[in-house]
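Okay, here's what each chain looks like letter by letter:
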Amino acid sequence: MKLVVAIVRPEKINEVLEALFKAEVRGLSISRVQGHGGETDEVQTYRGTTVKMELHEKVRLEIGVSDSFVGPTVRAIMAAAHTGEVGDGKIFVLPVEKVYRIRTGEEDTAAVTPVL
Amino acid sequence: MKLVVAIVRPEKINEVLEALFKAEVRGLSISRVQGHGGETDEVQTYRGTTVKMELHEKVRLEIGVSDSFVGPTVRAIMAAAHTGEVGDGKIFVLPVEKVYRIRTGEEDTAAVTPVL
Amino acid sequence: MKLVVAIVRPEKINEVLEALFKAEVRGLSISRVQGHGGETDEVQTYRGTTVKMELHEKVRLEIGVSDSFVGPTVRAIMAAAHTGEVGDGKIFVLPVEKVYRIRTGEEDTAAVTPVL
Amino acid sequence: MAIRSKALLAALALGSLAFAEAPRLSGADTAWMLISTALVLLMTPGLAFFYGGLVRAKSALNTMMMSFAALGFVGITWALIGYSLALSPGGSKFIGDLSLALLHNVGLENKGSVVDSILTIPHLLYMAFQMTFCIITAALISGAVIDRMRFPAYLLFITVWSFTVYAVMAKMVWGGGFLAQLGAWDFAGGTVVHINAGVAALVAALVLGPRKDFGRQALLPHNVPFALLGAALLWFGWFGFNGGSALAANSIGSLAFVNTMLAPMATLVVWALLDLTRTGKVTAVGAATGIVVGLVAITPAAGFISPGFAIVLGAIAAFPSYFVLLWRARSKLDDSLDVFAGHGVGGITGAILTGVFAQKSVNGVFDGLVAGNLNQVLVQALAAGTAVLVSGLGTFLLLKLVSLLTPLKATTKEEATGMDVTQHGEEAYTSGEGAILVADLPQTALKPKPQAGD
Amino acid sequence: MAIRSKALLAALALGSLAFAEAPRLSGADTAWMLISTALVLLMTPGLAFFYGGLVRAKSALNTMMMSFAALGFVGITWALIGYSLALSPGGSKFIGDLSLALLHNVGLENKGSVVDSILTIPHLLYMAFQMTFCIITAALISGAVIDRMRFPAYLLFITVWSFTVYAVMAKMVWGGGFLAQLGAWDFAGGTVVHINAGVAALVAALVLGPRKDFGRQALLPHNVPFALLGAALLWFGWFGFNGGSALAANSIGSLAFVNTMLAPMATLVVWALLDLTRTGKVTAVGAATGIVVGLVAITPAAGFISPGFAIVLGAIAAFPSYFVLLWRARSKLDDSLDVFAGHGVGGITGAILTGVFAQKSVNGVFDGLVAGNLNQVLVQALAAGTAVLVSGLGTFLLLKLVSLLTPLKATTKEEATGMDVTQHGEEAYTSGEGAILVADLPQTALKPKPQAGD
Amino acid sequence: MAIRSKALLAALALGSLAFAEAPRLSGADTAWMLISTALVLLMTPGLAFFYGGLVRAKSALNTMMMSFAALGFVGITWALIGYSLALSPGGSKFIGDLSLALLHNVGLENKGSVVDSILTIPHLLYMAFQMTFCIITAALISGAVIDRMRFPAYLLFITVWSFTVYAVMAKMVWGGGFLAQLGAWDFAGGTVVHINAGVAALVAALVLGPRKDFGRQALLPHNVPFALLGAALLWFGWFGFNGGSALAANSIGSLAFVNTMLAPMATLVVWALLDLTRTGKVTAVGAATGIVVGLVAITPAAGFISPGFAIVLGAIAAFPSYFVLLWRARSKLDDSLDVFAGHGVGGITGAILTGVFAQKSVNGVFDGLVAGNLNQVLVQALAAGTAVLVSGLGTFLLLKLVSLLTPLKATTKEEATGMDVTQHGEEAYTSGEGAILVADLPQTALKPKPQAGD
Ligand SMILES: Nc1ncnc2c1ncn2[C@@H]1O[C@H](COP(=O)(O)OP(=O)(O)O)[C@@H](O)[C@H]1O
Ligand SMILES: Nc1ncnc2c1ncn2[C@@H]1O[C@H](COP(=O)(O)OP(=O)(O)O)[C@@H](O)[C@H]1O
Ligand SMILES: Nc1ncnc2c1ncn2[C@@H]1O[C@H](COP(=O)(O)OP(=O)(O)O)[C@@H](O)[C@H]1O
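Residue numbers (the numbering used here), protein chains in the order written: chain L, 1 to 116; chain E, 1 to 116; chain W, 1 to 116; chain X, 1 to 454; chain V, 1 to 454; chain R, 1 to 454.
Treat the hints as calculated values from the structure; they're not laboratory data.
Model, not experiment: these values are computed from the prediction.
Do not rely on the hints blindly, as some may be mistaken.
[What the hints assert, rightly or not] Result set (DSSO-like, lysine-lysine): computed pairs, CA atoms no more than 27 Å apart in a straight line:
no.: 1; chain 1: L; residue 1: LYS22; chain 2: E; residue 2: LYS22
no.: 2; chain 1: X; residue 1: LYS93; chain 2: X; residue 2: LYS111
no.: 3; chain 1: E; residue 1: LYS52; chain 2: L; residue 2: LYS98
no.: 4; chain 1: R; residue 1: LYS111; chain 2: X; residue 2: LYS360
no.: 5; chain 1: E; residue 1: LYS22; chain 2: X; residue 2: LYS111
no.: 6; chain 1: L; residue 1: LYS52; chain 2: R; residue 2: LYS400
no.: 7; chain 1: X; residue 1: LYS413; chain 2: X; residue 2: LYS93
no.: 8; chain 1: E; residue 1: LYS98; chain 2: W; residue 2: LYS22
no.: 9; chain 1: X; residue 1: LYS212; chain 2: W; residue 2: LYS52
no.: 10; chain 1: L; residue 1: LYS52; chain 2: W; residue 2: LYS22
no.: 11; chain 1: V; residue 1: LYS111; chain 2: V; residue 2: LYS93
no.: 12; chain 1: W; residue 1: LYS52; chain 2: X; residue 2: LYS360
no.: 13; chain 1: V; residue 1: LYS93; chain 2: V; residue 2: LYS413
no.: 14; chain 1: W; residue 1: LYS22; chain 2: R; residue 2: LYS111
no.: 15; chain 1: R; residue 1: LYS413; chain 2: R; residue 2: LYS212
no.: 16; chain 1: W; residue 1: LYS52; chain 2: E; residue 2: LYS22
no.: 17; chain 1: V; residue 1: LYS332; chain 2: V; residue 2: LYS409
no.: 18; chain 1: X; residue 1: LYS111; chain 2: V; residue 2: LYS400
no.: 19; chain 1: V; residue 1: LYS360; chain 2: V; residue 2: LYS212
no.: 20; chain 1: E; residue 1: LYS52; chain 2: V; residue 2: LYS332
no.: 21; chain 1: X; residue 1: LYS409; chain 2: E; residue 2: LYS52
no.: 22; chain 1: E; residue 1: LYS98; chain 2: L; residue 2: LYS22
no.: 23; chain 1: R; residue 1: LYS332; chain 2: L; residue 2: LYS52
no.: 24; chain 1: R; residue 1: LYS212; chain 2: R; residue 2: LYS360
no.: 25; chain 1: L; residue 1: LYS52; chain 2: V; residue 2: LYS332
no.: 26; chain 1: R; residue 1: LYS360; chain 2: V; residue 2: LYS111
no.: 27; chain 1: L; residue 1: LYS22; chain 2: W; residue 2: LYS98
no.: 28; chain 1: L; residue 1: LYS98; chain 2: W; residue 2: LYS98
no.: 29; chain 1: X; residue 1: LYS413; chain 2: E; residue 2: LYS52
no.: 30; chain 1: X; residue 1: LYS332; chain 2: X; residue 2: LYS212
no.: 31; chain 1: V; residue 1: LYS400; chain 2: V; residue 2: LYS212
no.: 32; chain 1: L; residue 1: LYS52; chain 2: V; residue 2: LYS413
no.: 33; chain 1: R; residue 1: LYS360; chain 2: W; residue 2: LYS52
no.: 34; chain 1: E; residue 1: LYS98; chain 2: W; residue 2: LYS98
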C-alpha cells in the first residue's frame, strides 16, 4: 500500500480528477494549500503596506492506492497537471503500513477498492 | 512511531475527538478536506449552470503515536466515525522515522507523550 | 528522500519560512490546521451556548527534502518556531519512496532541488 | 372602529381639529411614508443576515431564503387578499371582509382605508406600508425552524399563516377589532408583530421538534459579522417601522423615532454589562441580540411614552429576554434562533410596560400606570394574553394542516448533509473544486481539453 | 420637447393646472428627491455585491471595483460634460449642447433644466439625481466583462461610453429627443438604462470573447449571501430610482413606488415556482436574480400602470429572462453575469408591456393596449429596437476604438492567477501567511527578531 | 451666540426674513431630518465594516464591537448629559450647562435648543440628530487602537471622552462658543468630528504603543469586500450627515447633499490615478479609502462652496492624505487604520479649503479666499489648530486617567491569540469543530451518543 501525495495548480485540479477517474482511481481527498517553490513572488499593496506574497495557492491530493495502482496514478497526475511553467507542483509517494475502511472494517487493498 | 491519518465525516468529528481523548490520545491535528469515493454525487444549479459535485466535505485527522498506541487509536476512530453508510472514510497508518517536540526538543515517544 | 511534516503556531509561520529559506530550503507547502495538545482550552459563549474550544489554530508545513537536508530543515524549524510555551508544535519525519517534479518529470533529489 | 388605530391615535395626539373634515393629501407625510415603507421592506433582508450569520455555513442560504421568500409569497398574498382580511374597514371584530381584495378600491387618494379619518397619504401607500409588516412577521417565525423544516412546507405555511393568523391579529388590534375596542394600545406592532411571531415560533419549534444535533453538538454562528450587519439593517429599518407608524412626519412620528434610538441603546448597554458580569466578556452576538430586543420592546410604546421612560423601558427589557435566552439554550427546546426569547418575551415586556409608562401629556390619548392608570396595565396584559392564545392556537392548527399535505421536517440525513444542498441545491460558499459541468452543456465542457484524457 | 419627459408626465398625471405659471420650490418634493438620490447612488455598491458574490473569490475585488470605479469616473464625467450632452434643453434630437457643461447654469433654483415646467426642486439636485442613473447604467455593463477585461481599458471605456452612448439614449428619451417625439414612454429608464446596458453588455461580451475557463470549468459564485445582499440593496435603492422618477412626493411617485414593490414580488414568486418545477429546488441565486429581473421590467412602467397590472407584469417578466438565462449558460456566449438576459431581455419585456398595460385613467397621460391603444405597443417596440441599434452600434465602435489605445483583455495567465492579484495587486480575503513586508519598510520589518535568523 | 451655528447659517443663506418671528414646525423639514438622523446612525455600523474588513480575522469582532458599543454607551451618555454640556444655549464659551441634562426641556416643540431661531423640527429630533454625530466621532477613534486595547478600558474611555472632549469641541464650534465667535465656520463637522477624532486617534496610538507584530509582520485586511461595504454605507449615511446639517429640506441642504456626492467622486478618481501611477494598479482598499477621505474633506465646506469648487476640493484633498498614509505605514506609528491620515489630515485640509472656496454668493453668509477674503483662511487654520490642541491634550489626559483605573493594553499573549477570543470570547467565523458543549448543559450534550464512548 502506498499514499500518493500530490501538489498541483488549483486551475488544474478538475482535469487531474478526470484523469484519475479515467485511470480507475476513485478514492481520494484534496485540500487547499499554499506553496512556495521556484515561482516568482507577486507584490501586493494594501494602503501604505507593500508585501511580497511568497506563497501561491495550490491543491494537495492525498490518494491511498495499492502498489499496482501507484504507476497509473502518478502518470495520470503528471499528464493532467502539467503546464511546463514553473509551479506545476510535486508528487510524493509514501509507504503505508495499514489501511482501514471505516464503514466495513476492511483492510488494505480491500479498503481502497471502490464499492461498486 | 507511526502517523495515523484518518478521513472522517465532519458531523462525526466531535464524537471521534471524544473517543480519542477517552483512549488517552490527546495530541492531534485536524483539517478540512474534500473527498471523493463511493458517495453519490449531488447536483447543484447556479442560474443556468448545472454541476455535479464530485467532492464531499470531510475532516482529516493526523495523529502521531508511539507504536503501542496505534491499535487503540484506530479502534477509537473506527468506533466513533462509523455510520455504515458509504462515505464513512478511511484510516491510513504511516511509518514515522523521527518525531520532535518543538517546545522541548524531546524526541519520539517522549515528544508525543502529553504534558501533564 | 524524506517528508518533513511540521505543526507550528500561526504567529510563527513567517519566521519559520525565513529560517527555512536561509537554510536553502525553498520548496514547501503549508496549510491551516487545528490542533489539540496540552494547550489549555478557551471557553467561548454564543448567546446561551457555552463551549470549550478544544482545538487551536496551527499551521502545517510539508517539506520534501533529500536526506542530507533533513537535519538543517528540522533545526531551522525548531529554532524559529520555538517559544517555550505549551503549544509550540511537533515535527514528524516520514520516509518517502519517490518524488516527481510535475513540470519536468525529474525524480527524487532532482525533483526537490530548486530551479535557479 | 378605526378610532383605536395607531394612526388615528397619532393624529389625535396632535390634538388637531382639522380632522373634522377629511384630511388632505400631504406631500411631507407622503415623502416620509415612502421612505418609511422602503425602510421596513429592508428589514426583511436585514433579518436574513441577522439569522443567516447565526447558523452553520451549511444552512446559511436556507436560513436567508426563508426571509427572502417571504418577500415574494407573503407580499403577493397580502396584496391579493391579506390586506383586505386584515384591515378592511368592514368585517367582524376578528377578521375583515373582502371589500379590498385584489387591491380593489385601493387607490391613489386618501380614501377607503380603515384610517381614512386621518390618512394624509395615498391609500395604496398605506396598504404597501402595512404589507411590509406582514412580510417581516412571517419571516421572523423562520428563526425557530431553520436547519430542519422542508422549504416547500415552509412556503405553504407562511403563505397561509399570513392571511389567517396575521390577518386576525391585525384586525383585532389595528382594524378596530376586539382588542382595539378593549382599549389596548399597540403603537407599531408589539402585539401584532412580535408577540405574534414569537409565539408562533415557539409553537413551530415544538411541532417540528429539535434538530438531530441539537443539545449534542455545538451549533455555532458561521459568520458573526453578518449577524451584526443584520442587526444594523434591522435597526435602520425599524425607524420606518416605528417612526412611520405615525403615518405622518409630525411630532408623534419624531417621538416614536427618537424612542426607537434610545430604547435599544439602553438595552445594548445593559446587555453588555450583563455579559460582562456573567462571563467577564462583552459578546458581539450579545450586542446584536440586545439591540433587537430593545427594538422589539419599544415597538408598542414608541409613540406613547416620553424619551426618558423609553430609556428606562429599554434597560428593563434586557433582563427577561437575557435570562429566558440562557434558560432556553440549556433546555430541550430548539427554538433555534430564540425568536420566542427575543420577540415573544420582548414583545410581552414591551406591551405591558406600554401600560406602565404611557402618559396622556405625551401621547395626548391615554395614561398608563405612571400617570395613575393601573387599569391600562391589566388591559395590556389581557391583550398580550389574547395574542398568545390566538397566535399559538392558530399556528398549531395550521402546521398540523400543512403536515397533512406535505412533510414538515427534513430527514436527519438531509440535515447532516446540510439544508442548503438538500433544499436549495446550492452552497453559500463554493470554491468550484470538483464541480463538473453536466452533460446538457456544450461538449467542450465534458472534456476540459482534448489531451486531458490521457 | 420636455413635454415628453417622464417628469412632466408625472406632473400632468396630477392634472394640475398650477403649472401654467412656473412651479415653486417644494420642501416635501426636495426631501423626497434628496433621499431618492441617495438611494439610487446606493444601488451601485449594491450592484458591486450582487455581481461580486456571483464570481470566483479570485475575481471578487475586480468585479466590485468595476462598479465602485464608475462612482468616480462616470460621476465626475457626468458633472463636467455628460449631463449637458444628455439633458440640456437645447441641442438636437439626439444629443444635447454644452450649455450646462461644467455645471454652468446648474444652480439652486428650479430653473434651467429640461423639465423646468414642472421642476419643484433645485436644478442642481435634479442633475445629481440623473447622475446616479448614468453611473449605474455604466456599472451594469461590467457584468459581461468581469474576470477578463483589463481594468485600465475598462475605466477608459465606461468613461467615454457615459458621455456618448448613454448621453444619446438619455437625450432621445428624456431630453425631448427623437424617441420622446415618437411618443414612446419610459418612466424610469427601461430603455435608457436597462435595454441600453443589456445590449452594451452583450456586445462587450462578444467583442472580448469568453474567459479561458468558460464552458470547461464550473465558474461558481464564491459568496451567495453577498449576491443576496446586493439584490436587497438594489431593491431598496430602486424605490428611489422609480419612485423618485416622479420628481415629487406625490400620487404618481407613490404609484411608481408601490409598483416597484409588487412587480418584483411577483417575479420572485414565479421564478421560485419555475425553479421548483424544473429542478425541484428553489435556489437563492434564482431568488436574487428574479428580484432584479422584476425590478428591471417594472422600471419603464412604474408610474403608468395600475398596481394590479404591475403584479401581472412582474409575473410575466419572469419567463423570457428565465429561459434566455438557461439558454445562455449552455451557449458559447460568456455574458458572464447575464446582463443581457436580465437587463436587456427584462428591459425589452418591460418596455413593451408598458405599451400593453398603460391606462390614461391611471397615469393621466396615455393609454396602452388594455385601453384599446394597440399603436402604443408598436411605438414602444420601435423605441426598444432603436435603443438596441444605437447602444449596440455605439458600444461596438467605442470598444474597437479603445482597443486601439490599449488591449482590452487580460492574458490567459493573468486570468488563471486571478484578476484581483493581476489587476489590483490585492486579494479579497488574505490570511497574511507568507506575506513578507518589503524592503522600503523600517529595518525591523526585515528581521522579525534578532535571534530569528538561526 | 447661536448666530454662528451651522443651522442658522443655513437659514440665513436663504436670506429669509421669516426668522424675525419664531419659525414654525415644518413637515417637510421633519421628514428630511428624520431620515437624515437614521442615515447618520447607520454610519456607525458602516464604520464597523469599513474598519472590520481591514483587520485580521482574529480581531474582526473586536474591531466591529468598538463601533457598535459606541452606539450604546456614547448614545445613552449623550442623552443623559452629553447633549446638555455640548449644546445647551447657556454655559460658557467652552462648555454648556446642565439645563438640558436628562433630556429635561428637550420636547416635541421647536423650542429650547441653541438653534431655536431657525429650528423647524422638534427639539427632541435635533438632539437625536446631534447624538449620532457624537457616537460616530467616538467610534472613529477606535481605528487607532484596535487589535490591542482592552475592551473594558475602551468602553470607559469613549464614554467619558464623549461628554468631555467632544462636548467642549461641539460647544466651541456649534454651541456659539469660542471658535464660533472667532468667525470660524464648520458646516457639518470637519473640526468637531474629523479633526477631533483624527487627533484623538493619533494620541491614543502613541499612548498605547504599537501592536507586537506591527512592523514585523504584514497585518493584512481579512475581508476587503467588508471594507467596501463599509465605505458604501458611510457614503450613504454621509448624505444625512452633511445634507441634514442644513436642518431643513431646502436649497442649502441640497447644495450640501450634492457636494457630498461630487467631492468624494473627485477624490476617488485622483486616488485611483495616484495608485495607478505609483504601483500600476488601482486598489480596492485605496478606492474605499479615497471615498472616505473625500467625504471627510467636504464635510466642513458642504453648504458653503459651489459644486464646481467641491470637485476641486475633493481632488486636492486626495494628496495630503494619500502621502501621509504612505509615510505612516513606513513609520513606527501604529495608527492601525490611519484615522489620523484619513480624518485628521483630511479634516484639516477641508477646514482650510473651506476658507479658500467659500463664497457669500453661494452660502449667503461669508466669503473665502476665492472671493478675496484671505482672513477667513487664517481663521479656519486657527480653529483647526485650536481643535488639535484641545483634542490632543484632552485625549491624552483622559487616557492617562483611565490607565490609572484599568490597564489600557492587552498582553502580547492575548494579542497573539487574537482579540476576538480574549476580549469577547467569540470568533467571527467558526466551523464548530472541536467545540464541546460544556457541563451546565443537558446531560445528552456531554455524551453525544450512548455508544459513542467505546
Ligand atoms: N520540496 C517540496 N515539498 C513540498 N512541496 C513542494 C516542494 N517543492 C515544491 N512544492 C510545492 O510545489 C509547488 C510548485 O513547486 P515549484 O518548485 O514552484 O515549481 P516546479 O515544481 O515546477 O519547479 C510549490 O508551490 C509547492 O506548493
Ligand atoms: N483511496 C483513498 N485515498 C484517500 N482518501 C480516500 C480514499 N478513499 C476514500 N477516501 C476518503 O474517504 C471518503 C469516504 O470514502 P468512500 O469510499 O466514499 O466511502 P467508504 O469508505 O464508506 O466506502 C472519501 O470522501 C475520501 O475523502
Ligand atoms: N501526536 C500529535 N500528532 C499530531 N499533531 C500533534 C500531536 N501532538 C501535538 N500536535 C500538534 O501540535 C500542537 C501543539 O502540541 P502541544 O502538545 O499542545 O504542545 P507542545 O508540543 O508544546 O507540548 C497541537 O495543537 C497539535 O496541532
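Each hint, compared with the structure:
Distance restraint check for LYS22(L) and LYS22(E): the Cα-Cα separation of roughly 42 Å exceeds the 27 Å cut-off, and the hinted pair is therefore not satisfied. Distance restraint check for LYS93(X) and LYS111(X): the Cα-Cα separation of roughly 21 Å lies within the 27 Å cut-off, and the hinted pair is therefore satisfied. Distance restraint check for LYS52(E) and LYS98(L): the Cα-Cα separation of roughly 32 Å exceeds the 27 Å cut-off, and the hinted pair is therefore not satisfied. At roughly 20 Å between alpha-carbon atoms, LYS111(R) and LYS360(X) fall within 27 Å of each other, so this suggested pair holds.
Distance restraint check for LYS22(E) and LYS111(X): the Cα-Cα separation of roughly 73 Å exceeds the 27 Å cut-off, and the hinted pair is therefore not satisfied. About 39 Å separates the Cα atoms of LYS52(L) and LYS400(R), which puts this hinted pair outside 27 Å; it is violated. Simply put, LYS413(X) and LYS93(X) have alpha-carbon atoms about 46 Å apart, too far for the 27 Å limit, and the pair is violated. Taken as a hint, the LYS98(E) and LYS22(W) pair is honoured in the structure, with Cα atoms around 23 Å apart against an allowance of 27 Å.
Our distance criterion of 27 Å between C-alpha atoms is met by LYS212(X) and LYS52(W), whose separation comes to about 21 Å. Between the alpha carbons of LYS52(L) and LYS22(W) the distance comes to roughly 17 Å, so the proposed pair stays at or under 27 Å and holds. Of the supplied pair hints, the one linking LYS111(V) and LYS93(V) holds, its CA atoms being roughly 21 Å apart against a limit of 27 Å. Proposed proximity of LYS52(W) and LYS360(X) is contradicted: the alpha carbons are some 52 Å apart, above 27 Å.
Restraint check: the Cα-Cα separation between LYS93(V) and LYS413(V) comes to about 46 Å, which exceeds 27 Å; the hinted pair is violated. The suggested pairing of LYS22(W) with LYS111(R) is violated, with an alpha-carbon distance near 73 Å, which exceeds 27 Å. Distance hint between LYS413(R) and LYS212(R) is fulfilled; the C-alpha atoms sit about 10 Å from each other, no more than 27 Å. Of the pairs offered as hints, the one joining LYS52(W) and LYS22(E) holds, with about 16 Å between alpha carbons and a cut-off of 27 Å not exceeded.
A distance of roughly 18 Å separates the Cα atoms of LYS332(V) and LYS409(V); the hinted pair therefore holds under the 27 Å criterion. The suggested pairing of LYS111(X) with LYS400(V) is violated, with an alpha-carbon distance near 57 Å, which exceeds 27 Å. Pair hint LYS360(V) plus LYS212(V) does not hold up; C-alpha atoms about 52 Å apart against a cutoff of 27 Å. This hinted pair checks out: LYS52(E) and LYS332(V) have alpha carbons roughly 20 Å apart, not beyond 27 Å.
Distance restraint check for LYS409(X) and LYS52(E): the Cα-Cα separation of roughly 26 Å lies within the 27 Å cut-off, and the hinted pair is therefore satisfied. The straight-line distance between the Cα atoms of LYS98(E) and LYS22(L) is roughly 37 Å, outside the 27 Å bound, and the hint therefore fails. The straight-line distance between the Cα atoms of LYS332(R) and LYS52(L) is roughly 20 Å, inside the 27 Å bound, and the hint therefore holds. Between LYS212(R) and LYS360(R) the CA atoms are separated by roughly 52 Å; this puts the pair beyond 27 Å, and the hint is violated.
Among the hinted pairs, LYS52(L) with LYS332(V) is inconsistent with the structure: their alpha-carbon atoms are about 38 Å apart, more than 27 Å. Pair hint LYS360(R) plus LYS111(V) holds up; C-alpha atoms about 20 Å apart against a cutoff of 27 Å. Restraint check for LYS22(L) and LYS98(W): the C-alpha separation of about 23 Å stays at or below 27 Å, so the hint holds. Straight-line distance between C-alpha atoms of LYS98(L) and LYS98(W) comes to about 19 Å, which keeps the hinted pair within the 27 Å bound.
About 19 Å separates the Cα atoms of LYS413(X) and LYS52(E), which keeps this hinted pair within 27 Å; it holds. Distance check on the hinted pair: LYS332(X) and LYS212(X) sit about 12 Å apart at the alpha-carbon level, within 27 Å; holds. A threshold of 27 Å between alpha carbons decides the hint, and for LYS400(V) with LYS212(V) the separation of about 21 Å falls inside it, so the pair holds. Distance restraint check for LYS52(L) and LYS413(V): the Cα-Cα separation of roughly 19 Å lies within the 27 Å cut-off, and the hinted pair is therefore satisfied.
As the CA atoms of LYS360(R) and LYS52(W) are separated by approximately 65 Å, the hinted pair breaks the 27 Å bound. A distance of roughly 19 Å separates the Cα atoms of LYS98(E) and LYS98(W); the hinted pair therefore holds under the 27 Å criterion.
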